[in-house]
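Line by line, the protein sequences are chains A and B. Residue numbering for the first sequence follows numbering that gives the first Met the number 0, beginning at 0 and increasing consecutively. Residue numbering for the second sequence follows numbering that gives the first Met the number 0, beginning at 0 and increasing consecutively.
Check before you lean on any hint, since a few could be wrong.
[What the hints assert, rightly or not] As a list, the in silico EDC-like pairs of lysine to aspartate or glutamate whose alpha-carbon atoms are at most 20 Å apart:
#1 B:LYS99 <-> A:ASP148
#2 B:LYS99 <-> A:ASP145
#3 B:LYS135 <-> B:GLU41
#4 B:LYS137 <-> A:GLU324
#5 B:LYS99 <-> B:ASP58
#6 B:LYS95 <-> A:ASP199
#7 B:LYS135 <-> A:ASP154
#8 A:LYS150 <-> B:ASP131
#9 A:LYS285 <-> A:GLU324
#10 A:LYS100 <-> A:ASP154
#11 A:LYS207 <-> B:GLU119
#12 B:LYS152 <-> B:ASP131
#13 B:LYS95 <-> B:ASP58
[Stated by the list, open to error] Covered by chain A, per the in silico footprint, the following chain B stretches (three or more residues, Cβ under 8 Å):
#14 76 to 90
#15 113 to 127
[As the list claims (entries may be wrong)] If you only want the chain B side, here are some residues facing chain A, beta carbon under 10 Å, derived:
#16 TRP6
#17 PHE47
#18 GLY94
#19 GLU97
#20 TRP110
#21 LEU130
#22 TRP132
#23 LEU134
Simulated from the structure, these hints should not be mistaken for lab results. Treat the numbers as computed from the prediction; the structure is a model and nothing was measured. Built from N, CA and C at the ideal position, the CB exists for glycine as well.
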Amino acid sequence: MSPSLQRAQLPPFSYADEPPAGENLPILPQHVSPGRLERVLRAGHFAITTEIAPPDSADPEEVYQRARLFDGYVDAMNATDGSGAHCHMSSVGMCSLLTRKGYAMVMQISCRDRNRIAIQGDVLGAAAMGVCNILCLSGDGVQAGDHPDAKPVFDLDSMTALQTIRTMRDESRFLSGRKITSPPRVMLGGAANPFAPPYDYRPYRLAKKIAAGAQFIQTQYCFDMPMFERYMQQVRDMGLDKKVFILLGVGPLASAKTAEWIRANVAGVHIPDTIIQRLKGAQDQKREGLNICIEMIQQARELEGVHGVHIMAYRQEHNVAEIVERSGALEGRKPWYPGLVETSASSSSLSPATQELAV
Amino acid sequence: MYTMRQWSARHARGLKHSYEWLERSLVKLYPYFQRMGLSKVEQPLMKFVEQPTKRFLFDSQSCGQCTLGSTGMSCPMNCPKTIRNGPCGGVRANGKCEVKPEMDCVWVVAWQGTQQLRTEQQALHILQPALDWRLKGKSAWLRAAEQRIREMKS
Ligand code: SF4
């Protein structure tokens with residue numbers, strides 16, 4: 000049976016024990032975090048995450064506006080941490096605002112800007128605010144951003160950051176050995192790039208990340224499904240898809256020109272010529288970019304060992320709803336968003352989630 | 000010197016052997032060093048022998064926690080992000096570094112250079128711990144000898 004058909008047999012996802020916004024859910028047995036994303040993944044559903052672009056502004060309303068675009072379409076949002084080495088509102092700040100509203104966040108931590116003292120402090124602060132997922136990245140080099148004159152820190156790397164936070168969570172200790180009284184209950188994630196050399200090493204690198212503590216993986220943008228399938232074949236042969244949740248990174252390309260620019264200038268993004276040709280040949284290139292992204296998701300839904308998608312729609316955030324809708328990725332689910340419980344829980348004994356599904 | 004570094008990576012196997020020979024000699028010399036006082040030996044050893052040799056052959060950055068033996072003689076501290084568990088996701092399609100496009104990614108070089116080693120000897124398969132920055136500029140050779148002696152005792 001295909002993975003999507005198997006999922007169709009699952010019982011509906013319930014939000015029955017959803018607390019008031021800003022408070023944590025109970026931690027279920029075998030779970031490491033009180034997070035909704037972990038619940039969706041462990042229940043076997045196809046999870047959807049997206050990236051929320053932090054503003055160049057100190058106005059919280061801008062953050063809320065950006066988040067509302069995804070209401071009802073995603074299970075969690077990644078708050079990026081100085082992505083592309085550009086300065087924006089911090090991931091801690093973004094998470095602080097959005098967890099107050101009850102949103103599920105994936106806080107990204109880049110090792111480029113902070114050392115082990117700062118990172119561990121942020122982890123405790125984030126967990127205290129209700130952040131349930133942390134994604135560790137090495138980070139882009141400073142040369143890629145708007146402050147190429149900055150001092151790159153890179154005290155830890157993505158692996159040692161994962162290891163450090165796992166020690167904090169599972170052993171209630173800092174890296175120094177000093178005791179933590181209440182450990183951060185977070186699910187740990189890492190990035191993977193199946194599309195960069197050395198290709199034959201990449202599955203082993205995934206194994207290493209799992210050994211370091213990664214429980215979920217979000218990949219780099221996929222524009223080359225055959226290449227990803229080859230990677231997944233090896234991942235499955237090594238049994239890694241049973242040890243980690245894999246979310247395929249996807250995103251819409253705005254035009255052939257943008258695609259060519261990204262290919263030349265953004266580190267680690269692989270776009271095959273066929274995709275560029277397809278965009279060039281299209282009447283409406285932007286539409287075609289969306290179509291390609293939607294097709295990737297549809298193919299990912301049928302791939303054994305893929306547990307969801309991570310949609311990175313930079314400057315096309317308003318199109319995420321359409322991408323999710325048309326790709327059928329939710330498979331009949333409705334992700335939680337502020338207001339969902341209030342509107343549907345009013346007049347029925349059904350759990351909000353089942354009621355949502357009934358309409 | 001990048002050319003020299005490339006040469007060393009190509010001759011990783013032979014260099015690894017000389018490296019192991021050197022370690023064995025240091026283990027033998029260690030008791031004498033101890034008698035002379037390790038702190039007195041470390042500085043000149045580092046300044047006149049270890050640092051210049053490693054610098055010349057591998058562009059070593061003297062982090063004091065040497066992994067050359069398991070990286071095919073590719074010093075990971077030449078990675079502009081000083082990643083000890085590389086390669087990062089930014090490696091270019093031609094195997095060059097994301098940050099310095101004129102340089103081969105040190106971890107791609109390490110991957111190619113360690114294919115003949117057993118898995119458990121390859122740095123790429125072993126989780127490397129976070130660096131202890133206090134050891135920068137200290138002798139990795141002495142530390143390795145020290146560790147070897149400890150292992151032999153236990
Ligand atoms: S491409 Fe290789 S050398 Fe360059 S930053 Fe990444 S891991 Fe380091």
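For this session: Would you mind confirming whether the straight-line C-alpha gap from A:LYS100 to A:ASP154 stays at or under 20 Å?
Result: Violated, at roughly 33 Å.
Problem set entry | 20 Å Cα cutoff - pair A:LYS150, B:ASP131 | Distance ~19 Å between A:LYS150 and B:ASP131 Cα, so the pair holds.
Problem set entry | Status of the hint placing B:GLU97 at chain A (closest C-beta pair under 10 Å) | This hint holds: B:GLU97 lies near chain A, its Cβ roughly 4 Å from the closest one there, short of 10 Å.
For this session: Double-check B:TRP6 for me: the hint is only fine if its C-beta lies closer than 10 Å to a C-beta in chain A.
Result: violated (21 Å)
Exercise. With a cut-off of 10 Å, does the beta carbon of B:TRP132 approach a beta carbon of chain A closely enough for the hint to hold?
Worked result: The hint holds - B:TRP132 has a Cβ within 10 Å of chain A, the shortest such distance being about 8 Å.
Exercise. Quick one, are B:LYS152 and B:ASP131 close enough, alpha carbons at most 20 Å?
Worked result: At roughly 25 Å apart (the allowed maximum being 20 Å), B:ASP131 and B:LYS152 break the hint.
Exercise. Holds or violated: is there a CB of chain A closer than 10 Å to the CB of B:TRP110?
Worked result: holds (5 Å)
Exercise. Taking only the CA atoms, is the gap from B:LYS99 to B:ASP58 under or equal to 20 Å?
Worked result: holds (15 Å)
For this session: Take the C-alpha atoms of A:LYS285 and A:GLU324, compute the straight-line distance between them, and say whether it is at most 20 Å.
Result: Satisfied, since the Cα-Cα distance of roughly 17 Å is no more than 20 Å.
Exercise. Is the shortest C-beta separation between B:PHE47 and chain A less than 10 Å?
Worked result: Interface hint status for B:PHE47: violated (30 Å vs cutoff 10 Å).
Exercise. Taking only the CA atoms, is the gap from A:LYS207 to B:GLU119 under or equal to 20 Å?
Worked result: holds (12 Å)
For this session: Assess, step by step, whether the Cα of B:LYS95 is no farther than 20 Å from the Cα of A:ASP199, and give holds or violated.
Result: holds (16 Å)
Of the numbered hints stated above, those contradicted by the structure are hints 4, 10, 12, 16, 17, 23, listed in ascending order.
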